[in-house]
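In case you want the letters, here they are:
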Amino acid sequence: MAFFKKKTAKDESYYLASQWVLMWRKLQKHKLAQFSLSLLLVLYLGALFADFIAPYGLEEFSSLYKNTAPTKIYWEDENGDFSRPYVYKLKKVNDKKTWSVIITEDTSEKYYIDLFVEGGEYKLLGLIPSNLHLYGLVNEAGEVDRSVRVNIFGADSTGACIFSRILFGARVSLTIPFVSAAISFVLGILLGGISGYFGGMVDNIIQRIIEVLSAIPSIPLWMALSAAIPPGISVSAMYLYITIILSFIGWTGLARVVRGKFIALRKEDFVMAAKLAGVSDFKIIIKHLVPGFLSYLIVNLTLGIPGSILGETSMSYLGLGMKAPATSWGVLLKETEDLVSVAQCPWKMIPLVFVIITVLAYNFLGDGLRDAADPYK
Amino acid sequence: MSKGDQILDIQHVHMRFASKGLVVKAVTDVSFPVMEGETIGIVGESGCGKTTLGRCIVRAYEPSEGKVMYTAADGQTIDFLQIDKATMKKYRKEIQMIFQDPYSSLDPRMTVYDIIKEPLVANFPKMPKKEIERRVMEIAEKVGLNTTYLKRYPHAFSGGQRQRIGIARALVISPRVIVCDEAVSALDVSIQAQVINLLHDLQKELGLTYLFISHDLSVVEYISDKVGVMYLGKMVEFAETRSLFSHPMHPYTESLLSAVPVADPTVKSERIPLEGEIPNPANPPSGCHFHTRCRFCTEKCKREVPEYQELEPGHYVACHRAQELTLRGFTYE
Numbered sequence: 001m002a003f004f005k006k007k008t009a010k011d012e013s014y015y016l017a018s019q020w021v022l023m024w025r026k027l028q029k030h031k032l033a034q035f036s037l038s039l040l041l042v043l044y045l046g047a048l049f050a051d052f053i054a055p056y057g058l059e060e061f062s063s064l065y066k067n068t069a070p071t072k073i074y075w076e077d078e079n080g081d082f083s084r085p086y087v088y089k090l091k092k093v094n095d096k097k098t099w100s101v102i103i104t105e106d107t108s109e110k111y112y113i114d115l116f117v118e119g120g121e122y123k124l125l126g127l128i129p130s131n132l133h134l135y136g137l138v139n140e141a142g143e144v145d146r147s148v149r150v151n152i153f154g155a156d157s158t159g160a161c162i163f164s165r166i167l168f169g170a171r172v173s174l175t176i177p178f179v180s181a182a183i184s185f186v187l188g189i190l191l192g193g194i195s196g197y198f199g200g201m202v203d204n205i206i207q208r209i210i211e212v213l214s215a216i217p218s219i220p221l222w223m224a225l226s227a228a229i230p231p232g233i234s235v236s237a238m239y240l241y242i243t244i245i246l247s248f249i250g251w252t253g254l255a256r257v258v259r260g261k262f263i264a265l266r267k268e269d270f271v272m273a274a275k276l277a278g279v280s281d282f283k284i285i286i287k288h289l290v291p292g293f294l295s296y297l298i299v300n301l302t303l304g305i306p307g308s309i310l311g312e313t314s315m316s317y318l319g320l321g322m323k324a325p326a327t328s329w330g331v332l333l334k335e336t337e338d339l340v341s342v343a344q345c346p347w348k349m350i351p352l353v354f355v356i357i358t359v360l361a362y363n364f365l366g367d368g369l370r371d372a373a374d375p376y377k
Numbered sequence: 001m002s003k004g005d006q007i008l009d010i011q012h013v014h015m016r017f018a019s020k021g022l023v024v025k026a027v028t029d030v031s032f033p034v035m036e037g038e039t040i041g042i043v044g045e046s047g048c049g050k051t052t053l054g055r056c057i058v059r060a061y062e063p064s065e066g067k068v069m070y071t072a073a074d075g076q077t078i079d080f081l082q083i084d085k086a087t088m089k090k091y092r093k094e095i096q097m098i099f100q101d102p103y104s105s106l107d108p109r110m111t112v113y114d115i116i117k118e119p120l121v122a123n124f125p126k127m128p129k130k131e132i133e134r135r136v137m138e139i140a141e142k143v144g145l146n147t148t149y150l151k152r153y154p155h156a157f158s159g160g161q162r163q164r165i166g167i168a169r170a171l172v173i174s175p176r177v178i179v180c181d182e183a184v185s186a187l188d189v190s191i192q193a194q195v196i197n198l199l200h201d202l203q204k205e206l207g208l209t210y211l212f213i214s215h216d217l218s219v220v221e222y223i224s225d226k227v228g229v230m231y232l233g234k235m236v237e238f239a240e241t242r243s244l245f246s247h248p249m250h251p252y253t254e255s256l257l258s259a260v261p262v263a264d265p266t267v268k269s270e271r272i273p274l275e276g277e278i279p280n281p282a283n284p285p286s287g288c289h290f291h292t293r294c295r296f297c298t299e300k301c302k303r304e305v306p307e308y309q310e311l312e313p314g315h316y317v318a319c320h321r322a323q324e325l326t327l328r329g330f331t332y333e
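These protein sequence lines are chains A and B, in that order. Its first residue numbered 1, the first sequence is counted upward by one per residue in this note's numbering. Its first residue numbered 1, the second sequence is counted upward by one per residue in this note's numbering.
The hints are simulated quantities; they were obtained by calculation from the structure and are not laboratory data. Certain hints may be false.
Stated by the list, open to error - Far from chain A, some chain B residues (derived; all Cβ distances over 12 Å): (1) 79; (2) 92; (3) 98; (4) 138; (5) 155; (6) 187; (7) 193; (8) 200; (9) 285; (10) 295; (11) 302.
To be verified - No farther apart than 16 Å at their CA atoms in a straight line, the calculated lysine to aspartate or glutamate pairs in the EDC-like style are these: (12) 91(A) x 81(A); (13) 90(B) x 79(B); (14) 89(A) x 140(A); (15) 283(A) x 114(B); (16) 275(A) x 94(B); (17) 287(A) x 114(B); (18) 31(A) x 367(A); (19) 91(A) x 109(A); (20) 89(B) x 281(A); (21) 85(B) x 281(A); (22) 89(A) x 105(A); (23) 275(A) x 62(B); (24) 267(A) x 36(B); (25) 110(A) x 81(A); (26) 72(A) x 121(A); (27) 204(B) x 312(B); (28) 92(A) x 105(A).
Beta carbons are placed, not taken as given, at the ideal position from N, Cα and C, and that holds for glycine.
Take these sequences, add in the hints, and give me the full structure.
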């Protein structure tokens, strides 16, 4: 009897479920999308708490560590016994044969990796002043030594920790798509909506504009637009310009989707029913049309965000977008421009892994959302 | 106004759709009167314009020509197709529609309660919440919906229940005329019977006038007082149900009737098959539109358009040879 009771309770909640709840439930059944969602959550949390998680701030670099490989972490002491993880500091020595300077480990002293170590000052979330970092090094006496570094992903050509820079770069690389998506969203809904609702001549003009815009190859367009950005402006202004450039192209696809959904939904029987019941045009748009395609819009946006991420990355990589000292994933990848640095410092490709993971996660999430958004399924 | 007075007078309604230089005459010169409290069945093949006619009458489409004279509850007679927006607001609620597809006619994003309440809110913006709730509950009970389920979404209901929701939505603003556009065609036969009986009971209780559009002759025969037969956008025959079914005067009606299955294996019904496809309404045949498929076709039929005339009291036909032919109808026991 208990079995039946349980089942009816479940059924009841299914019958009472709104479209959004149903969508959420279907999404939860999509394991890959669920996994992607949590992965993205981790990435965004990492960007949000970058100051805390990153062992070094953006201004902390050391010439000794220039282009050095990921710091070797030891788990065994000299006798082969298990030990707390520790690293050695680096020292410059002259090669006796070639007289060139090489950097090797100075095994005279161990530096232990510790959690919650004091380091550079920062304000957590821009509010709480702190100097604690998730991990850092302490010497055998337990004192913090800032001259010795642990770069788990190696160091770049300035000697800065790549892991820290990836976290700070994520702040830019993971939020630009949202801002540019928001601008595309507004432009797309507005112009697509006008196009679909009025039809006729207006529709024709807007559609032709979209065709022309989407026929322009994107890289030359970026070059033209970024040439228009005045040189020597602040990082935040640059950020704004980049988003505007990206959304300038991004809205066209969305406008087409909105127009298509508008036209399709306008012909649905329930819209005619509302019209015959005397519901005003405005209310029909707000209550029937917009909710009808909102789920599709969200899907479209999720699938469009990876495009923006790649856009920002490739623009910065080409030197058209963010420029050092600003940090984004594209700026980090700019170091891998020449073959020599890729061959000698393959760890500089690590930011690429983050780009790929993020783009894939967004694509899988969008895929799951698309399956979940279909109300007739 | 009492039962039996004229409520609608459809006069020479034309509906033309233009697309890419082609003009499709979906409805050509259809006229018929509707009395209050009666049910008019409109039958015909797919694509004959019956749905378009229904949508013209409720003004979902703007007909190209013609009038729909409507005698409103307040006694005024107005042309439903000409009235302006403000007047429309007043009379809109008196003519409602029930849709064919119970799936696409309900917004999947609204609860059933919200769907039924929508026309009320649109027409009576000042109605207090309590009153709205009372009316929705009342109408839901009337159409046989379990009121405890009103907070559910349409996806939780079966086809027959959804159609009841559609009926409740149409009825909640107390209309006087309801156009049922293939209202039961999408349902199983057993559910069809339930819904038809429901419509029948509601008519008796509320004094509704139905315009029942269907391709199913047995359903139309069961529910209608009068029947109109449409072919290629034109009304070819219009008469009292019994008169039309027992002695049809148009060869097209005769073939339609012969196609109705009889639930008696001992009766050997002889079908009068229609040959060929329904012609393209963008390029209809000359003369009588039906001549390409008519077994009584003469030269005159190919040249001249037959006049739609009243040959017997209340029995309208558009056929040159209507009076000389003896056509086979339905035999009533």
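Here is what the structure says about each hint:
no.	hint	in the structure
1	79	18 Å, holds
2	92	5 Å, violated
3	98	9 Å, violated
4	138	18 Å, holds
5	155	7 Å, violated
6	187	15 Å, holds
7	193	23 Å, holds
8	200	22 Å, holds
9	285	30 Å, holds
10	295	38 Å, holds
11	302	38 Å, holds
12	91(A) x 81(A)	26 Å, violated
13	90(B) x 79(B)	13 Å, holds
14	89(A) x 140(A)	13 Å, holds
15	283(A) x 114(B)	14 Å, holds
16	275(A) x 94(B)	14 Å, holds
17	287(A) x 114(B)	11 Å, holds
18	31(A) x 367(A)	11 Å, holds
19	91(A) x 109(A)	12 Å, holds
20	89(B) x 281(A)	13 Å, holds
21	85(B) x 281(A)	12 Å, holds
22	89(A) x 105(A)	6 Å, holds
23	275(A) x 62(B)	13 Å, holds
24	267(A) x 36(B)	31 Å, violated
25	110(A) x 81(A)	15 Å, holds
26	72(A) x 121(A)	26 Å, violated
27	204(B) x 312(B)	29 Å, violated
28	92(A) x 105(A)	9 Å, holds
Checked against the numbered hints above, the structure breaks hints 2, 3, 5, 12, 24, 26 and 27 and satisfies the rest.
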